[in-house]
Every structure is written in C-alpha cells, then in structure tokens.
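Protein chains in written order, with this note's numbering: chain A, 1 to 437; chain B, 1 to 437.
Heads up, a few of these hints could be off.
Note that identical chains are pooled: a pair holds if it fits in a single copy or bridges any two copies.
Claimed, not checked - Calculated cross-link-like contacts (lysine-lysine; reagent style BS3-like; alpha-carbon spacing at most 27 angstroms):
1. K191 x K331
2. K10 x K76
3. K191 x K397
4. K191 x K131
5. K245 x K191
6. K245 x K331
7. K211 x K27
8. K335 x K103
9. K245 x K335
10. K397 x K245
11. K395 x K11
12. K103 x K191
13. K75 x K200
14. K191 x K76
15. K191 x K27
16. K245 x K27
17. K395 x K191
18. K11 x K191
19. K93 x K211
20. K75 x K191
21. K10 x K252
22. K76 x K354
Think of the hints as simulated: they come from the structure by calculation, not from any bench.
Here is what each chain is made of, one letter per residue.
Protein chains: 2
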Amino acid sequence: MSANIPETEKKRVVIIGGGFAGLQLAKSLDSRLFQIVLVDKVNYHQFQPLLYQVTSSGLEPSAIAFPFRKNFQNKKDFYFRLASVTRIATDEKVLETSIGAIKYDYLVIATGTDTNYFGMQNVRAAALPMKSVSEALALRNRILENLEHAVTATDPEERQALLNIVIVGGGATGVEVAGALSEMKRYIFNKDYPDLDTSKARIILIEGSDKLLRNMSEEASSKAFLFLKQMGVEINLQTVVVDYKDYKVVLKNGDTIPTKTLIWVSGVTGKPLPGIHEVCYGRGGRILVDAYNRVNGYQSVFAIGDISLQTEELYPVGHPQVAQVAIQQGKLLAKNLINGLNDQPLTPFHYLDKGSMATVGRNRAIVDLHQFRFQGLFAWMVWMIVHLLSILGVKNKIQIVINWFWSYVTYDQSLRLIIRPDDKTREKKDQKDDQNR
Amino acid sequence: MSANIPETEKKRVVIIGGGFAGLQLAKSLDSRLFQIVLVDKVNYHQFQPLLYQVTSSGLEPSAIAFPFRKNFQNKKDFYFRLASVTRIATDEKVLETSIGAIKYDYLVIATGTDTNYFGMQNVRAAALPMKSVSEALALRNRILENLEHAVTATDPEERQALLNIVIVGGGATGVEVAGALSEMKRYIFNKDYPDLDTSKARIILIEGSDKLLRNMSEEASSKAFLFLKQMGVEINLQTVVVDYKDYKVVLKNGDTIPTKTLIWVSGVTGKPLPGIHEVCYGRGGRILVDAYNRVNGYQSVFAIGDISLQTEELYPVGHPQVAQVAIQQGKLLAKNLINGLNDQPLTPFHYLDKGSMATVGRNRAIVDLHQFRFQGLFAWMVWMIVHLLSILGVKNKIQIVINWFWSYVTYDQSLRLIIRPDDKTREKKDQKDDQNR
C-alpha cells in the first residue's frame with residue numbers, strides 16, 4: 001500500500017482535513033499551478049452548522065454531507081485520499097499516514113478541533129459529542145433508544161434518567177440542539193409514545209458563564225434565553241459540570257441531575273499533530289500562525305480554520321472558531337500560495353466578520369449583523385436562506401428545503417430511525433440460523 | 001424492566017416482526033376488538049424491494065424505512081416494543097423477550113427469513129448479505145471503502161480483488177443489485193476515481209441454476225440476461241460457490257475469483273424460534289401452517305409471510321416468499337381473527353398472484369403479469385409507479401421520486417458516503433486529545 005500519488009513537476013500542496021477551511025483552499029487553488037492532495041478520515045465534507053438537525057431527526061446525514069470525490073470530479077491533478085495522519089516529518093517534508101507517506105511542498109493543517117472534556121474522564125466516557133455526522137447520528141440513535149427503554153423501565157428513577165436530556169454548553173450548538181429537541185418533545189414525543197408520560201421528559205441546558213450565545217450580542221443572548229424558556233427548556237446559567245457518576249451529572253455546587261443522555265457541546269480543543277513542535281501550540285490547543293497562516297517556525301507548513309490561532313488588531317486573542325474565518329483563510333491562502341510561487345508579495349489575513357446567527361426553533365432565530373440585530377420570524381428566514389446558499393450541492397439544497405418545508409407544515413420530523421450499518425461482527429450472530437434445510 | 005403493556009379485557013394479539021406481513025396485520029386488525037402488540041428488533045418498517053438502491057448509493061436508508069411508532073400514531077390500544085424474542089412458552093401463552101415476558105391470546109410469527117449460507121462458514125464470515133437496511137448500508141460502505149483502498153493498493157492482485165464485485169444469487173435481488181452496480185461503474189466510477197483504472201472493475205453475477213429470475217417467465221429470464229450482458233455484467237449460470245478463501249470465491253469446478261466484495265443474495269432460510277416444536281418446520285426452515293395460517297399443532301399461534309409454509313392446490317410446495325403473499329396473508333388473518341372472535345366461519349387463504357417484476361437499470365425493467373409480459377421502458381415505468389404506490393409515507397414517496405428523477409437526469413447517485421454512527425468505543429480513542437489547554 002502507498003498513497004500512490006503521481007509524481008509531477010508542479011509544487012504539491014497537501015491539505016489535511018476537508019472542513020470549511022480545507023475544502024475552500026482546495027477549491028480555490030489553481031490545479032494548473034499546483035498538484036493538490038486532500039487527506040481526510042471520512043470521504044465527505046460535513047456541513048457542521050446543521051448537525052443539530054441530524055440529532056433531532058430533522059435531516060438525514062446525507063443532506064449535510066457531500067462526497068469529496070464528487071465535489072472535485074472536474075478538478076484535474078487533484079487527489080483525494082481517505083487516510084488518517086500519524087506524523088508530520090517536517091525535515092523531510094513528508095506526511096506519514098495510514099496509507100503510507102505523502103511528500104509535500106506545502107502542507108496545510110486544516111484538521112479543526114475536537115470536543116474538549118476538560119480532563120473529566122467519566123464525562124468523556126459517557127457524554128455524546130456533536131462534532132461530526134457520525135456523532136450526530138449516534139446521538140439520534142441514543143435519544144430514540146432511550147425513549148424506547150423509558151417505555152419499558154419499571155424503576156421510576158431509571159425512567160426519569162432516560163427521559164432527561166442534559167445539554168452542556170450554551171453556545172450556538174447547545175442552543176440550537178436544545179431548541180430542536182424541545183420541539184421534538186412538544187410535537188412528537190406524545191404522539192409517538194402514547195404509552196409514556198412524555199410530559200416528564202426534560203430538556204436541560206447547562207452553561208458555565210452567565211449567558212447563552214456568549215460570542216453574540218447581549219440582545220441575542222437574552223432573546224435566546226427567552227425563546228428557549230418559552231419552549232420549555234430548563235436553562236441553568238453559571239452552572240459547572242464536574243463529573244458524571246451513576247448516570248447522574250454532578251454539578252460544582254453538589255447537585256446532581258439524573259440522565260442517560262448527556263450531550264456535550266461545551267468546548268473544543270485542538271488535537272496535537274505529532275511532528276509539530278510543542279511550542280507551536282497556543283490557547284485551546286490551537287496552532288500559532290503568522291498573518292499568512294504559516295505555522296510559527298516552519299517555512300512550508302500552514303494552518304487554517306479552527307485549528308489555527310492567528311491574532312490581528314481587532315482580534316488580539318485570536319479569531320472566533322467559526323466557518324467564516326475558515327473559509328476566508330482558505331481563500332486567502334490559495335491566493336498567497338500562488339503569489340509565493342510568482343514571488344509576489346503576500347497579503348496578510350484580516351477577518352471580515354459578516355455577522356453571526358443561531359436558530360432556536362420554528363420562526364425563531366437570532367441574527368447579529370454589524371448594523372442590524374434582529375430576532376424571530378424574519379431572522380429565521382434569513383438563517384434558512386443563508387444556510388441553504390452555503391451548503392454544497394444542488395440536490396442537498398433541494399433535499400433540505402423539502403425536509404424543512406415538510407417539518408414546518410406537518411410539525412413532524414420523520415427520520416426517527418435507529419439505524420446502524422450491520423458491519424460483520426460474526427461473534428454476535430447466532431450460529432443456528434446457518435443451516436441448509 | 002418489563003414489557004409494560006396495560007392489562008385489558010380485550011384479546012391481545014402479539015405480532016413478532018413488522019415486515020410486510022406483520023405490518024399489514026397490525027394495520028388491518030381492529031383495535032376496538034383486539035389489543036395489538038408489535039415486537040420488532042428495529043424501530044422501523046423496511047421496504048425491502050428497494051434495498052438494492054441503498055446498496056448502490058441511490059437511496060438513503062430513510063427513504064425506505066418508516067418508523068413504526070409514527071405509522072401507528074393514530075391507532076389506539078396499539079403497542080410497539082423494541083425487543084428481540086428469546087422463546088415462546090406456548091403452554092403459558094407467553095412470549096419471552098429481551099424486555100421481559102409478554103402474555104398473548106394470539107401470537108403471530110411474522111419474522112421473515114434470514115440469509116442462507118448453506119453451511120459454508122467461510123462464506124458466512126465474509127459475505128455481505130442484503131436483507132435489511134443495516135446490511136445494505138454496510139454493503140454501501142464496503143463498496144466505497146474498497147474503491148478507496150484500490151486507489152492506494154500497490155499489489156495488482158489485491159487491487160483486482162478490491163475492484164471485483166461478486167454477486168451470488170440470480171434472483172430478483174441479485175439481478176437488481178448487479179444492474180445498479182454496473183450503472184454505478186459506468187456513470188460514476190471513472191468520474192469519481194480519475195486516478196484508478198476503473199475499466200478493470202468487474203461486476204460478476206453467479207447463479208446456480210440455468211437461468212436468472214427463476215421464479216419469473218422464460219421471457220423475463222432471457223431478457224434479464226440480455227439486459228445485464230449489455231450493461232457489462234459478467235453472468236455465470238450453472239455455477240456453484242463452494243467456499244471463500246484468501247479473498248477468493250471458490251467455485252465447484254475449482255475456479256476461483258478474487259474479490260473483497262462478496263454479495264450474498266443466494267437464498268434464505270427460516271430461523272427457528274425456541275419454543276415452537278421442531279416438527280413444525282418444513283422446507284427452508286419455514287413454519288408449517290394450515291389454510292388459516294395457524295401453526296400446525298397450536299391453537300393460538302399463527303405464522304404469516306415468508307416464514308410460513310402453506311400449501312394450496314396451485315402451490316403444492318408452498319407460496320413464493322414475496323411481499324404480495326405476506327400482505328394478503330396479513331389481511332386475511334386480521335379478518336379471520338375477527339371472525340374467530342364472533343364464532344363466524346374462517347376463510348382459507350388463496351394467493352392471488354398479481355404478477356412479478358424486477359428492474360435492471362435505466363429504462364430497463366421486466367414485468368410478468370397474467371396475460372401480459374413486457375420488458376424495457378414501459379415496464380420500467382410500471383415498476384416505478386407500483387413501488388412508489390406501495391411504499392409507506394408521503395414524504396418517503398416524495399424523497400424517492402426526487403432521488404430517482406435526479407439520478408435519471410444527472411446519471412449520478414449522490415449518496416456515496418461512508419457513514420457510521422460513532423457509538424462510543426472509548427478504547428479506540430486517543431487519550432491525548434482530552435486535555436484542558
């Protein structure tokens with residue numbers, strides 16, 4: 001086995017990770033000038049802003065995932081490789097991966113971040129993160145299975161633990177998933193589970209700081225709080241989780257909340273890449289880069305997107321870890337790599353903040369723009385349009401429009417399926433069914 | 001834990017399995033007269049006729065799966081239970097399950113059949129069946145992963161084994177999946193894998209008898225053969241698989257075919273249910289029933305659908321294991337249970353064969369009706385309409401129409417995603433990424 005990438009006279013750019021940053025870079029790079037290699041652990045781009053709708057059975061994974069190979073069908077001298085990275089040998093300019101070594105002229109780290117459990121091993125072992133399609137799908141399965149178990153649980157305490165959904169983290173993802181699940185509870189649970197007292201189901205949102213949507217305006221924060229309250233979400237601000245034991249979330253003040261569905265969207269951290277010197281890592285495990293996204297101390301290694309830590313006047317502690325920064329860095333790096341090739345001066349990165357938004361539920365979203373802040377129905381429509389325009393693929397757009405329209409009209413998310421691919425795990429199978437009768 | 005089904009004065013009908021037979025029975029039974037309990041291992045009905053399109057990335061699992069709870073939202077005194085059956089205690093009229101015991105007045109076995117590996121353990125361990133959504137999804141993942149591996153395989157023999165897809169079984173499923181994969185090869189492989197000589201990919205269909213679609217007309221068989229040949233499928237009739245070793249299918253004549261994708265749709269067998277006396281099982285592991293689908297020797301136990309073996313004048317060795325029989329038996333049993341309650345005479349089952357059909361590819365299907373047999377474009381349109389009308393749920397219908405239309409116009413199946421729910425398997429995870437930085 002080898003990565004099997006043809007030799008070329010062009011400079012080779014190897015990109016690790018096809019999130020917003022890596023994908024944009026690969027798209028923007030001119031493959032007449034560079035050979036482009038994209039390495040990812042999965043074979044599709046994930047549109048993370050809508051992950052929470054996979055969790056709440058509103059969208060199929062396929063609606064927010066797009067195969068890399070399809071996306072780059074018309075790009076010459078582009079190579080996708082399904083692989084995980086084991087080490088970067090910066091001296092030899094080689095990326096070591098699960099499918100062999102890949103030489104590079106320029107290496108771009110666009111690996112994003114991982115869920116941060118803040119060192120709590122019990123939480124880590126039990127909590128369900130929501131950073132990928134696979135994780136969102138596992139969470140969907142868990143929520144549905146726990147409801148099934150609640151139907152047949154005889155112990156009232158256990159039943160309550162199965163009916164409580166605890167979401168830790170009051171950022172956009174936490175707010176959005178809390179809203180979506182509260183709507184699921186309101187419109188679906190009682191219809192699907194007539195034999196269960198679903199009014200006892202609780203959606204509990206826990207946030208360490210004193211407000212929701214900390215990165216947005218005061219107005220946005222208080223409106224999100226109000227919307228979620230109206231929708232029946234129990235919100236606990238200034239509340240810190242310190243452990244998870246016996247199916248109970250343990251809070252700093254000693255209180256406990258029983259739950260078998262602990263959703264963890266409380267923070268992220270960069271995952272260290274073996275081979276990158278440890279002095280290159282800054283706050284939150286992010287990789288320190290200069291104004292051109294070059295990793296400190298390396299000539300040919302770059303980092304873009306959430307994993308990079310870049311400061312500028314307006315952002316003295318670094319940019320927010322959002323899609324817009326990733327996309328803009330991807331675009332600029334493509335330009336700068338071309339400029340570098342032609343000995344043209346490079347352009348330093350400046351983040352253009354186009355605003356931010358979050359959705360809480362039906363007709364309820366929150367939009368912060370520079371001049372304007374608005375919430376409610378109009379914000380919700382803006383939110384929908386922006387997300388539809390951003391997602392890859394015409395068919396995905398159509399699929400999402402239909403799903404949204406359908407859910408809106410019927411008050412129903414129809415994807416309440418507990419599906420797992422039946423990978424061959426022969427041990428488990430009953431041998432008796434294999435007889436030639 | 002207990003199955004937790006409320007006591008009632010009505011007679012309780014417990015149905016094991018929500019395939020075509022069980023679902024139809026549950027729908028047709030009047031819940032003012034009976035309490036109905038449906039037990040299944042998954043929480044959704046699967047529309048098996050379109051499984052092959054999940055395999056070939058043409059349809060999402062959700063398009064052909066429909067949650068039981070949603071389906072029966074408006075049915076009073078109906079209880080769905082997600083459970084697997086461990087034993088039937090016929091003397092006490094109790095069904096023992098993974099969630100506890102369920103008493104019944106009438107028990108209906110509608111468990112369908114399992115894949116039959118004819119006692120070949122190596123085949124069993126390696127081959128991929130296609131009886132459920134989960135299996136079809138695993139197969140989709142396998143096909144896509146093997147293509148990725150083929151890109152980076154350095155050993156030509158290994159690469160060829162990755163590029164060969166061997167389908168064993170020339171019934172409707174085998175013919176349909178062979179056709180779908182050959183179209184995927186023709187329209188997708190070369191576009192998605194410019195760095196792979198996909199002309200070397202082979203779709204090989206193996207059938208033990210002397211024709212394809214053995215249960216259909218001669219005309220249908222020969223047309224299916226012709227269509228598949230034209231589409232580049234290699235068809236081996238009168239060819240029997242005896243083993244699978246070193247990634248090679250071993251044939252009875254000693255020949256071998258290297259492959260890492262062995263699709264097994266060659267036969268089915270009933271899975272014995274502990275508690276049902278062994279004399280009750282007939283050919284193919286099916287449960288012998290009388291004209292009213294009552295299991296031989298039991299008063300209150302019935303079997304319907306593929307698992308049942310019932311003979312009548314026109315079908316001296318039993319009915320074909322197809323959806324139509326299952327649906328008709330489900331309907332009639334509902335009627336007969338009601339008649340039994342009212343001491344009315346029961347109606348014996350007679351299968352009304354409405355015809356059968358299979359699709360091979362774009363514009364190419366095969367329809368056998370009583371008076372008419374036709375193949376090609378018109379058959380293909382009939383096939384589409386019949387399947388669309390049969391599938392549950394308006395939204396599923398819409399989703400499928402859009403997918404079909406899209407694929408037809410673009411020659412593209414867009415769901416080429418290798419997705420697995422990320423169930424917590426902590427051992428595998430790198431501990432290093434869990435630090436509070």
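Results of checking the hints against the structure:
1. K191 x K331: between (48 angstroms within a copy, 26 angstroms between copies)
2. K10 x K76: Cα proximity of K10 and K76: one copy only (13 angstroms, versus 69 angstroms across).
3. K191 x K397: between (29 angstroms within a copy, 22 angstroms between copies)
4. K191 x K131: neither (30 angstroms within a copy, 30 angstroms between copies)
5. K245 x K191: neither (32 angstroms within a copy, 51 angstroms between copies)
6. K245 x K331: neither (46 angstroms within a copy, 50 angstroms between copies)
7. K211 x K27: Neither. Shortest intra-copy (38 angstroms) and inter-copy (49 angstroms) distances fail the 27 angstroms Cα cut-off.
8. K335 x K103: Only inside one copy: K335 and K103 sit 22 angstroms apart there, 71 angstroms across copies, limit 27 angstroms.
9. K245 x K335: Neither. Shortest intra-copy (51 angstroms) and inter-copy (52 angstroms) distances fail the 27 angstroms Cα cut-off.
10. K397 x K245: neither (42 angstroms within a copy, 45 angstroms between copies)
11. K395 x K11: For K395 and K11, the Cα distance exceeds 27 angstroms both inside one copy (34 angstroms) and across copies (49 angstroms).
12. K103 x K191: between (57 angstroms within a copy, 25 angstroms between copies)
13. K75 x K200: Between copies only: 23 angstroms across chains, 54 angstroms inside a chain, cut-off 27 angstroms.
14. K191 x K76: Between copies, since 11 angstroms is at most 27 angstroms while 52 angstroms is not.
15. K191 x K27: between (46 angstroms within a copy, 17 angstroms between copies)
16. K245 x K27: neither (46 angstroms within a copy, 43 angstroms between copies)
17. K395 x K191: Classified as between; 18 angstroms across copies, 31 angstroms inside a copy.
18. K11 x K191: between (59 angstroms within a copy, 24 angstroms between copies)
19. K93 x K211: neither (46 angstroms within a copy, 58 angstroms between copies)
20. K75 x K191: between (49 angstroms within a copy, 10 angstroms between copies)
21. K10 x K252: neither (57 angstroms within a copy, 52 angstroms between copies)
22. K76 x K354: For K76 and K354, the Cα distance exceeds 27 angstroms both inside one copy (32 angstroms) and across copies (52 angstroms).
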